[in-house]
Amino acid sequence: MRVGSKAPERSPSAAGLSRRLAWSGALVAAIGLIFLFPLGFLLWETVALGDDLWGTLLSRRAMVPLAKSLLIATTTAVACAVLGTTLAVLVARTNLPGRRVLRVVLALPLAIPSFVGATALLAAFGPGALITALPRPEGFWGALVVLTLLSYPYVYLPVLSRLRSTAPSLEEAARQLGSTPRRTLLRIVMPQLRSAIAAGTLLVLLYGLSDFGAVSLMRYDTITRAIFSSRLFDRATSLTLGLLLAVLALVVVAAERAIVSRRREISTVGRRQPVYGLGRLRGPAAVLVVVVLGAALVTPIAVFVVWILRGSATIGSEFAGFGDGLGFLVSPVVNSILASVAAGIGAAAIVLPVALAEVRRRTLLADASAVAVTSVFALPGLVVALAVVFWAIQAPAPLAGLYQSFPLLILGYVLHFGAQSLRSSQAAIAAIPEQIDAAARTLGVGPRRRLLELDLPLMAPGLIAGAGLVMLSTLKELPATLLLAPIGFQTLATKTWGAAEDGFYAEVGATALVLVALSALLTWLLVLRPELSR
Amino acid sequence: MSAYLQAMSISKTFDDVVAVNDVSLMVDEGKSLVLLGPSGCGKTTLLRIIAGLELPDDGRVVVARDVLTGPDLHVPPELRRIGMVFQDWALFPHMDVARNVAFGLTKDEVKSGRVDEALGMVGLAGYGNRYPDELSGGQAQRVALARALAPRPRVMLFDEPFSNLDSELRAQVRIEVSTLLREVGMTSIYVTHDQEEAFLLGDAVAVMRDGRLLQNGTPSEIYSNPATPWVATFVGEANLVVGEAHNGLIATALGALPLSTLVRGTCKAVVRPEHLMVEDGSAGTITAVDFFGHDSSYRVAVDDATYLVRVAAAPRFRPGDKVSISYAGPEVVAFPETAA
Chain R
96 MRVGSKAPER SPSAAGLSRR LAWSGALVAA IGLIFLFPLG FLLWETVALG
146 DDLWGTLLSR RAMVPLAKSL LIATTTAVAC AVLGTTLAVL VARTNLPGRR
196 VLRVVLALPL AIPSFVGATA LLAAFGPGAL ITALPRPEGF WGALVVLTLL
246 SYPYVYLPVL SRLRSTAPSL EEAARQLGST PRRTLLRIVM PQLRSAIAAG
296 TLLVLLYGLS DFGAVSLMRY DTITRAIFSS RLFDRATSLT LGLLLAVLAL
346 VVVAAERAIV SRRREISTVG RRQPVYGLGR LRGPAAVLVV VVLGAALVTP
396 IAVFVVWILR GSATIGSEFA GFGDGLGFLV SPVVNSILAS VAAGIGAAAI
446 VLPVALAEVR RRTLLADASA VAVTSVFALP GLVVALAVVF WAIQAPAPLA
496 GLYQSFPLLI LGYVLHFGAQ SLRSSQAAIA AIPEQIDAAA RTLGVGPRRR
546 LLELDLPLMA PGLIAGAGLV MLSTLKELPA TLLLAPIGFQ TLATKTWGAA
596 EDGFYAEVGA TALVLVALSA LLTWLLVLRP ELSR
Chain P
67 MSAYLQAMSI SKTFDDVVAV NDVSLMVDEG KSLVLLGPSG CGKTTLLRII
117 AGLELPDDGR VVVARDVLTG PDLHVPPELR RIGMVFQDWA LFPHMDVARN
167 VAFGLTKDEV KSGRVDEALG MVGLAGYGNR YPDELSGGQA QRVALARALA
217 PRPRVMLFDE PFSNLDSELR AQVRIEVSTL LREVGMTSIY VTHDQEEAFL
267 LGDAVAVMRD GRLLQNGTPS EIYSNPATPW VATFVGEANL VVGEAHNGLI
317 ATALGALPLS TLVRGTCKAV VRPEHLMVED GSAGTITAVD FFGHDSSYRV
367 AVDDATYLVR VAAAPRFRPG DKVSISYAGP EVVAFPETAA
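Order-wise, the sequence lines are chains R and P. Heads up: the first sequence begins at 96 in our numbering, then just goes up one per residue. Heads up: the second sequence begins at 67 in our numbering, then just goes up one per residue.
Treat the hints with care, since some could be wrong.
[Said to hold, decoys possible] Here are some chain P residues the structure puts well away from chain R; computed CB gaps all over 12 Å:
1. 178
2. 204
3. 262
4. 275
5. 381
[Stated by the list, open to error] Listed next, the stretches of chain P that the computed footprint assigns to chain R, with coverage defined by at least 3 CB atoms under 8 Å from CB atoms of chain R:
6. 143-153
7. 213-222
[Stated by the list, open to error] Here are the computed distance ranges between Cβ atoms for each label pair:
8. 462/R <-> 249/P: 50 to 58 Å
9. 278/R <-> 404/P: 52 to 60 Å
10. 203/P <-> 139/R: 49 to 57 Å
Quick caveat, the hints were computed from the structure, so don't treat them as lab data. Fair warning: this is a prediction, and the values are worked out from it, not measured in the lab. Idealized CB from N, CA, C, for every residue including glycine.
Just chain R, same shape as in the assembly (with noise of 0.2 Å):
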């Protein structure tokens, strides 16, 4: 440590790897002023317009898509509450047949996006679909089915994770004080589980809020639908709408992240939680399980491999089907694992001098741009994207070309997800215990074979676990990437939507269900893996 500097850095290793990697000050307040730009820019333009914003804001059509977003987001919270609470108590404290397994597959609606979930069910009823009979799915009860059966893992999986980690003393506690386990289950284990529900349901409220595909398809005019109509005829409107969500975004975030610090629990590892009989209930619990995991799981693939089989029998034909063949899909799968590496790297790499800053010298501006990483995160992605798209639209010369173009569309990316990499690159940097970085000096070791061969190295595993967040992510964003990406460029996501808008349910088929798997394969490594071995 130097002699004489006034505040004692928390670790000695910042000073030398400020002087590799030359982050400073300046840098960390620039990244930080470049996540603020997408809000910044909105809330700017937005005042601009002056009057009209009032006039929009108060106006039927900012009105009644406000109230169709806040009753399918709360419903859908609402539904997802209960429903994910009660298959995580099932599944962790029951003696329901399965459950091991159970615990794990209830968690993979998680990797199906709202858009795909509600292409099966275009796909499967309707005209044109796998069963005429039945009306095409629509409006807000179609929304709503699609947005609760893939959104219950928000509430699913922290309560699973609450009820997996706390005190098994207290219900023994309850019992020995002569509590039966019914009213052991009901009077200490549900509270327990409060901050976890209300934390998962606020989640739910965002999605609910944020979706554009699910309501979209099912042609319900939420606020996201009438931003995306409006966004090349009507700026005002889009403008005005944007911000509105976007606020509405920052208040929900806001509220979960107040309940999550005022937690009044304790955890324990260790023990084996104590498991109740189901009795009676046993059966319909079993029965509830299998409808949700049929409805949710089951049903979409199976509409998808129907109509990939249908679509081959065509092979040929110039209808319906895959006309020649399924080369149409090389194009949209190299384009979304493109995307998403670039997405991945290129925010991992912004992100790291945030980082970095913000655990080991835990500055004032560091925070505040962590902070700034992290709003970026919370609102939605047609937001984000509206705001690059009408600032690329008029950006002065040398920029204009970003309009469509492939940078263009990975910054707005890395400017939506880079919160997911910065939150893993923070666990990663933590976890680094400081006495490594003071053991490699007292041995004589430079900064510089201290950042390549202790630092990096310790890093690498959360660097990479962040930047595939951002993949996932990337590959499952459907709004964003249809007002940024050039033209002709269709990823996975957008091929989907547009072969579902255009009722191709071949192609919609093939599309959705090489998605799901790569989807599926990145959420079990990086998201359910983790979190059911904690």
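Assemble the complex: chain R is given as a structure, and chain P must be docked to it using the hints.
For chain P alone, kept in the frame of chain R given last:
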């Protein structure tokens, strides 16, 4: 008359590990028993079997003539009227102190002021609307005690209840707890791995190792008359001195010591360090001196053996000093040389 609490022929196996191996214990009404042993000896499992939280493979648990665990019989924990204080105290984090204490009470008992009464007993009157995360360790531990005592259980169980407290607080709280329990005449069982704590809390102490009960007796019996060499060293410092036993004496390097046990041939005697004395002499050499304030200890090498000696004074000798060593204590216990 049979004992108030009986745990008879208890056995319990987890997977392939025998946690409790045919252990029988009895506690008279109003008395306390301490289960003492190293971690993994099965003491906690035995306690949880008495509580009804684990089912034994074999054995019976009887309290006040009620069979609680027996062949084809298992009274669930909530019907046993056995109170328990857990190692982590297990206070319900979402309830304030008063609701924690009221949890095991009927509505009528709550109305009659039992909550305040119980909190008063542990010296926490007025703490009712605090939450567990607002309590110090000592307070949390007393709330746990009040909560367990409030429903007037027939027996109280304590699973390492003081191990989460720092040493100064631990000494104070355990005296308060044992005084309170004796005052209300509570039949109690404690589990601990701390020998000093066991002797302090128990009317009787049961020493366990590897699932077996090695010895059950009063603290002084166990200290002065250990059942095995292992018990002798587990409950205190001991020199195991080899010698030839004959006619009630054992001939050792320390001289002929009087025996309390009937043994013959080559044996090892348990010689407590505080029963040895050192004086100026030539037979041995001081190899180490430790000063603890209230007493001191010497390591003395005599021939090729080393003895631990404890004296109630500041050290008089220094390493290298020549001394003689002698025995000045009661009759000693000796075991055949091969005993463990």
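Structure-based check of all given hints:
The Cβ of residue 178/P sits about 17 Å from the closest Cβ of chain R, beyond the 12 Å cut-off, so the non-interface label holds. In this structure residue 204/P is separated from chain R by more than 12 Å, as the shortest Cβ-Cβ distance comes to about 17 Å. The beta carbon of residue 262/P sits about 25 Å from the closest Cβ of chain R, which is more than 12 Å, so the claim that it is off the interface holds. Residue 275/P, annotated as away from the interface, keeps every beta carbon of chain R farther than 12 Å; the closest lies near 22 Å.
With a minimum CB-CB distance of about 38 Å to chain R, residue 381/P clears the 12 Å threshold, and the non-interface call stands. Here the segment 143-153 of chain P counts 10 residues with a CB under 8 Å from a CB of chain R, which clears the bar of 3, and the coverage holds. Only residues whose beta carbon comes within less than 8 Å of a beta carbon in chain R count, and the segment 213-222 of chain P has 3; three or more means the coverage holds. Judged by the Cβ atoms, the range 50 to 58 Å given for residue 462/R and residue 249/P holds: they are separated by roughly 55 Å.
A hinted range of 52 to 60 Å holds for the C-beta pair residue 278/R and residue 404/P, which are about 56 Å apart. Take residue 203/P and residue 139/R: their Cβ atoms lie about 54 Å apart, and the range 49 to 57 Å holds.
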